[in-house]
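Student: Spelled out, the chains give:
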Amino acid sequence: MDFELSDDQEALQEVVRKLCAGAFPMATIRSLEDRGGVERDLWRRLADAGVFSLHLPESAGGAGLGSCESVLVFEELGRALVPGPLVWTHLAAGIVDGAATGELVVGGVERRGPPGRRTPLVVEHLAALDRLLVLDEAGVWEVDSAAVAGEPVQHPLDPLTPVHVAQELPGGRQVAGPDTAAAWRLEGAALTSALLVGLAGAVVDTAVSYAKERRQFERPIGSFQAVKHLLADMLVRAEVARAAVYAAGAHLDDPGIGDVHRAIAGAKLMAGDAALANGKACIQVHGGMGFTWEVDAHLYVKRARVLDTIFGPVDAQAEAMAELI
Amino acid sequence: MDFELSDDQEALQEVVRKLCAGAFPMATIRSLEDRGGVERDLWRRLADAGVFSLHLPESAGGAGLGSCESVLVFEELGRALVPGPLVWTHLAAGIVDGAATGELVVGGVERRGPPGRRTPLVVEHLAALDRLLVLDEAGVWEVDSAAVAGEPVQHPLDPLTPVHVAQELPGGRQVAGPDTAAAWRLEGAALTSALLVGLAGAVVDTAVSYAKERRQFERPIGSFQAVKHLLADMLVRAEVARAAVYAAGAHLDDPGIGDVHRAIAGAKLMAGDAALANGKACIQVHGGMGFTWEVDAHLYVKRARVLDTIFGPVDAQAEAMAELI
Amino acid sequence: MNLRYSESEERFRGELREWLDRVLPTVGPPPAIDDWPGRRAYDTAWQRMLFEAGFAGISWPKELGGRGASPAEQLVFLEETERAHAPYVGVNFVGLLHAGPTLIAEATSEQRSRYLSPILRGDEVWCQGFSEPGAGSDLAALRTRAVRDGDDYVVSGQKIWTSHAEVADFCELLVRTDPDAPKHRGISWLIMPMDSSGLEVRPLRTIYGSSEFSEMFLDEVRIPVANRVGAENDGWRVAMVTFSFERGTALVSELLQTMELLESLVEIARSTGTEGARPWDDAGIRRELGHLAADLDALWSLTKRNVTQASRTGVPGVGGSVFKLHYSEVRHRLGDLALRILGRASLSFDDVGGARSGDQVHGWVHAISLSIAAGTSQIQRNILGERVLGLPRER
Amino acid sequence: MNLRYSESEERFRGELREWLDRVLPTVGPPPAIDDWPGRRAYDTAWQRMLFEAGFAGISWPKELGGRGASPAEQLVFLEETERAHAPYVGVNFVGLLHAGPTLIAEATSEQRSRYLSPILRGDEVWCQGFSEPGAGSDLAALRTRAVRDGDDYVVSGQKIWTSHAEVADFCELLVRTDPDAPKHRGISWLIMPMDSSGLEVRPLRTIYGSSEFSEMFLDEVRIPVANRVGAENDGWRVAMVTFSFERGTALVSELLQTMELLESLVEIARSTGTEGARPWDDAGIRRELGHLAADLDALWSLTKRNVTQASRTGVPGVGGSVFKLHYSEVRHRLGDLALRILGRASLSFDDVGGARSGDQVHGWVHAISLSIAAGTSQIQRNILGERVLGLPRER
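These protein sequence lines map, in sequence, to chains U, F, H and X. Under my numbering, the first residue of the first sequence is numbered 1, with each subsequent residue one higher. Under my numbering, the first residue of the second sequence is numbered 1, with each subsequent residue one higher. Under my numbering, the first residue of the third sequence is numbered 1, with each subsequent residue one higher. Under my numbering, the first residue of the fourth sequence is numbered 1, with each subsequent residue one higher.
Treat the hints loosely; a few may be bogus.
[Claimed, not checked] Label pairs and their calculated CB-CB ranges:
#1 H:Val225 to F:Gly66: 37 to 47 Å
#2 U:Ser6 to X:Glu220: 55 to 65 Å
#3 X:Arg393 to F:Ala182: 54 to 64 Å
#4 X:Arg17 to U:Asp48: 44 to 54 Å
#5 H:Glu18 to F:Asp48: 45 to 55 Å
#6 F:Ser31 to X:Gly354: 31 to 41 Å
#7 F:Ala182 to H:Gly276: 29 to 39 Å
#8 H:Phe217 to U:Arg44: 35 to 45 Å
Because the hints were derived from the structure by calculation, they are not lab data. For every residue, glycine included, the Cβ atom is placed at its ideal position computed from N, Cα and C.
Sequences are here, hints too, so could you generate the full structure?
Tutor: This is how it looks when you write it as structure tokens:
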């Protein structure tokens with residue numbers, strides 16, 4: 001039992017952190033607001049760094065890594081606020097040609113309930129997609145994203161996550177069965193929880209820096225207990241959630257150590273809670289400045305809301321946990 | 001519209017406050033711990049002051065007052081931590097001879113569910129009672145309290161509220177029908193919410209006094225934001241809940257001003273929340289001393305828990321509110 | 001302790017309701033949220049209608065053109081206009097509810113007769129220039145400098161969070177006139193014409209993505225000394241008149257809207273999802289909705305207590321901080337619950353799938369501003385702790 | 001990043017499990033909670049059994065009679081003893097987990113050879129004399145005075161929150177040896193025999209209604225200078241060795257009990273109430289239970305991270321404060337939920353109606369102590385804010 005990063009894992013984390021710092025500095029992220037969040041050159045840089053092919057065997061051009069590693073990678077992507085259908089393209093690698101290499105941008109959506117009784121589907125990044133995957137009880141379906149009759153939303157919650165609303169989807173080609181769908185739900189939830197915990201940690205850093213610099217009443221605001229304790233609570237949420245998310249990765253790699261469903265439901269729940277609460281707290285620490293578009297604080301909490309709705313929100317995961325006690 | 005105490009109401013409040021200070025100083029309350037919480041002489045002093053006959057017409061020896069007034073009186077009783085089946089005896093006045101005058105100590109219990117499917121009943125103060133009233137869907141029943149086969153609980157949660165557990169109750173005499181039962185549920189909830197809001201306010205005072213006196217790190221602990229803000233939140237809870245409780249009294253007196261069911265459900269909910277949260281916060285402010293039996297802080301939160309279970313706990317009231325939106 | 005409105009209060013209600021029933025059908029739909037000239041025209045036209053019917057400045061004294069209504073009647077006014085979905089105070093907010101009351105309390109009779117009537121008539125619009133980028137919670141640390149030069153002050157600095165600046169005629173401006181005095185003692189309160197040269201207004205985009213507020217950049221703006229309200233360096237006290245009001249009852253009409261927002265959310269919870277799996281079928285969700293209703297009802301009762309206390313004492317009490325703290329917290333809970341109920345529909349500020357989801361998403365963002373604007377929740381807790389509970393100040 | 005125990009760790013588990021299976025049937029039921037001599041006898045007998053089987057002091061170095069187990073093996077030990085419902089460390093807590101480790105780190109070899117072995121064998125019981133009525137969160141403000149007189153210190157003062165004092169042989173005592181030095185610099189760490197004259201122990205009743213703790217009144221108690229551990233006036237540093245441990249892993253075995261408490265609550269939620277109206281039929285209650293399970297699982301994972309970090313660096317990290325803050329909050333939520341589920345059965349510390357409700361009510365009270373004892377949640381947040389996040393101290 002050694003539940004910390006190995007040297008290799010630390011090196012991987014460092015590589016991804018550098019990739020994000022180089023390809024996705026905050027100025028670049030902000031510039032993507034007006035470009036739909038996804039930019040093909042940058043997407044290919046992610047692919048070239050191996051972000052989408054982490055799990056593929058080396059013989060298929062991948063890195064042959066496990067979920068502990070993919071969780072670490074996605075944590076860094078979340079921390080850097082990298083937008084786009086990262087999780088879906090990663091899941092698609094090995095099933096949809098061109099996903100792993102970044103030639104295609106592959107998005108996805110979960111479909112619930114019986115045909116005819118479904119509520120409208122909200123599809124992210126539709127305009128930027130080459131393929132849309134649909135996950136339902138029966139399996140995974142590949143849909144021509146250009147054929148989707150979706151209404152673009154004029155004002156998406158997250159400026160980096162444009163969405164369309166589609167009443168129905170065109171029939172697609174089945175690319176995987178229910179077992180894969182079930183496995184994707186687990187892995188999708190684990191990777192999304194990693195993005196969320198990355199966000200939750202990023203805002204601790206952001207808020208702490210601000211609290212050290214910003215002065216009010218002739219003191220840095222971080223010296224006030226009210227602010228200090230807000231920040232301490234943020235740290236606690238991020239650290240506790242990170243432990244849960246890393247454990248989810250470890251369970252995916254080695255199901256013998258415990259109940260993988262429980263580990264992942266717990267991770268998604270804890271990471272969602274942490275990212276949502278920390279995102280709000282980060283704005284609160286920034287005071288009025290946090291309410292301006294120009295300051296980045298709002299982007300984190302908005303992304304956290306988006307990610308919470310993917311692969312099971314907090315409420316659904318809590319219900320799932322209850323059944324597993 | 002004039003939603004503050006009238007001169008008469010202020011005078012009444014003052015009278016009850018003095019009664020409590022005289023008959024129920026904290027030393028007396030503490031001395032009742034080993035005497036089952038109810039002491040007949042003190043009970044009669046409450047009756048003599050008119051506490052149980054507030055609503056009775058003056059011709060029947062009562063004060064002919066409304067619910068605005070009884071809410072004020074019960075708030076003071078709650079603030080002073082006066083133990084015993086105050087609400088039940090007050091409800092019983094006019095129906096059970098001797099209740100209004102304090103000759104009898106009348107308790108009560110709510111019975112839910114169909115016969116044979118009922119869970120054990122927890123009865124408060126059984127040993128001190130002369131009569132036990134049972135409230136159910138069909139009405140109000142009077143039971144000879146001496147005939148109740150109840151097991152005394154060795155360690156009650158609230159040392160001032162001894163309880164017995166009874167599997168079933170002896171058949172009783174019906175003393176009122178379903179309409180009275182329904183009215184009692186409303187008035188019982190309103191008066192209990194008044195006791196709760198009294199508690200919620202009392203612990204603000206207690207905690208604030210302590211925070212001004214107690215020094216740590218060469219400063220009164222109340223000068224630390226962490227403590228100060230805890231106390232401010234306590235004040236907010238008490239003030240908001242008080243407004244709801246007074247409104248419940250006003251609605252009972254004048255149903256024309258709005259939905260009395262909603263006003264009372266809201267009051268019981270807000271007062272329960274405030275008393276429970278403030279009770280815990282009061283102990284937290286006292287630190288280790290708050291965890292000692294000797295310091296009074298624990299008595300408030302324990303009483304709050306007892307009162308929350310009477311006439312609909314917070315959860316049930318929230319459900320009731322939802323149906324009334 | 002009486003929640004029943006008096007006969008005269010009910011008479012006022014009847015009169016107002018009748019008028020609203022008559023005129024509202026003649027009022028068109030509001031302009032788009034970013035159509036500032038349109039909004040000015042719409043809001044001031046409504047103000048003119050109120051004025052002509054005798055409902056303008058209902059809390060203002062009669063001798064200054066107001067209605068001199070009691071606080072209870074002001075509540076009735078808010079209840080009725082909200083119930084009838086009348087236009088909001090909109091761009092007239094600062095004039096009617098901030099600057100106007102300050103002028104009434106502190107201005108010279110010349111100043112009053114120049115400025116008050118145009119506010120009531122909807123002829124002139126005001127904005128507020130208090131906050132600065134470096135002076136948020138610590139407002140008294142403001143650094144916009146005013147240097148006396150003959151009959152003018154020459155003012156340079158930067159202001160933020162100015163609402164309606166694009167369409168305002170005047171600005172209530174706080175400036176530092178004595179940089180050497182302790183920070184609360186060197187401030188003055190000025191009336192700045194918005195067409196002054198040296199003044200630049202830039203829209204400030206908020207996290208909604210829209211520009212409800214502006215920044216103002218002042219570069220040697222000349223403001224006549226005659227435009228000062230109150231004594232030189234006494235502006236902090238003058239401003240506090242407005243402030244206790246802001247913390248007092250400014251959120252009341254919002255509270256009524258929040259009750260509607262909750263009802264709308266209940267409707268969404270009842271009508272979305274599939275049968276047996278609607279959010280409303282979930283006891284936990286129902287309880288959270290019920291809990292929020294209880295909180296809002298309690299805040300409405302608290303408002304009536306605050307109003308009664310204000311009537312009796314003549315000044316708004318500390319109830320304002322109590323209200324604001326709890327109201328902010330309730331709005332956070334409501335916003336979070338709404339987004340959980342909406343699920344994927346929460347990814348859009350626009351309505352999705354026929355449900356009125358957009359209001360809920362906007363409401364979620366609004367909650368974030370509530371615990372910050374007009375004194376953060378942290379500042380409000382300090383106020384309650386120190387001024388009400390008498391706890392010692394920090395060293 | 002590996003949650004699988006190594007072969008040697010699993011071998012240790014197997015060995016321990018086999019031994020527990022063999023000996024536990026021979027261990028009788030624990031004595032009543034207020035039977036102190038009985039509890040001492042029971043707990044020390046169990047300690048003796050552990051010692052003879054080679055499981056005593058599993059974290060202590062081998063050369064001092066311990067097992068020298070790795071932190072991971074310590075976790076395995078806690079997992080297995082908890083799973084098997086073995087007796088708790090009980091009255092041996094201070095000796096094994098506080099005083100012992102301090103002596104190992106700071107004592108002279110004479111002191112070690114005198115005191116360590118009897119702790120491991122269950123021959124001698126220790127208690128802790130740190131807190132004072134006036135020195136709670138601000139422990140360094142302690143005022144119990146020790147005045148040097150020849151080869152003795154003469155000690156007078158008052159201590160509080162001493163557990164097991166009635167049955168202890170020695171006390172790890174913090175005293176002030178230099179009243180003129182800054183408060184952290186004038187403290188010394190002494191070994192006080194509990195049969196010293198001038199020492200009076202009085203039971204301290206807690207809000208459970210029972211007396212888990214005592215107060216100690218010291219009136220010119222003579223303690224040999226030879227009983228001092230570490231240098232004179234260096235006792236604060238000596239005590240901190242113990243403290244970081246207390247915040248580090250002392251709550252771990254509790255966490256495992258809390259998981260059982262949650263399972264027991266789920267059982268109550270499933271079995272009480274009437275069909276279709278059981279607490280478990282309520283989606284909101286189910287979610288709250290599920291949420292708590294996620295929190296506890298996460299804390300267990302956090303523990304493994306903390307343990308790994310401690311193994312790698314040799315000292316417990318800040319994970320202890322993170323753990324304690326979140327664990328306290330979770331226990332508050334669990335306690336409140338439990339009492340809501342119990343309803344009227346929550347009015348009793350004893351079981352009601354056949355359900356194991358008493359544990360839940362005790363758990364609710366226990367939560368109240370968790371956010372206070374061993375550093376209030378407020379103090380923990382200061383520690384995290386200043387030592388981990390590097391925020392400036394208050395002035």
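Student: If a hint holds in the structure, say so; if it does not, say that too.
Tutor: Against the structure, the hints:
1. A C-beta distance of roughly 59 Å is found between H:Val225 and F:Gly66, which places it outside the suggested range of 37 to 47 Å.
2. Checked against the hint of 55 to 65 Å, the C-beta distance between U:Ser6 and X:Glu220 comes to roughly 59 Å, which is consistent with it.
3. For X:Arg393 paired with F:Ala182, a C-beta distance near 60 Å keeps the hint of 54 to 64 Å intact.
4. At about 50 Å, the beta-carbon gap between X:Arg17 and U:Asp48 stays in the expected band of 44 to 54 Å.
5. At roughly 54 Å, the beta carbons of H:Glu18 and F:Asp48 sit within the given window of 45 to 55 Å.
6. Against the hinted window of 31 to 41 Å, the Cβ-Cβ separation of F:Ser31 and X:Gly354 comes to about 35 Å, which satisfies the hint.
7. Remark: the range hint 29 to 39 Å for F:Ala182 to H:Gly276 is upheld by a beta-carbon distance near 31 Å.
8. Distance hint check: the CB atoms of H:Phe217 and U:Arg44 are about 43 Å apart, consistent with the given range 35 to 45 Å.
Hint 1 alone, counting from the list given before, is not met by this structure.
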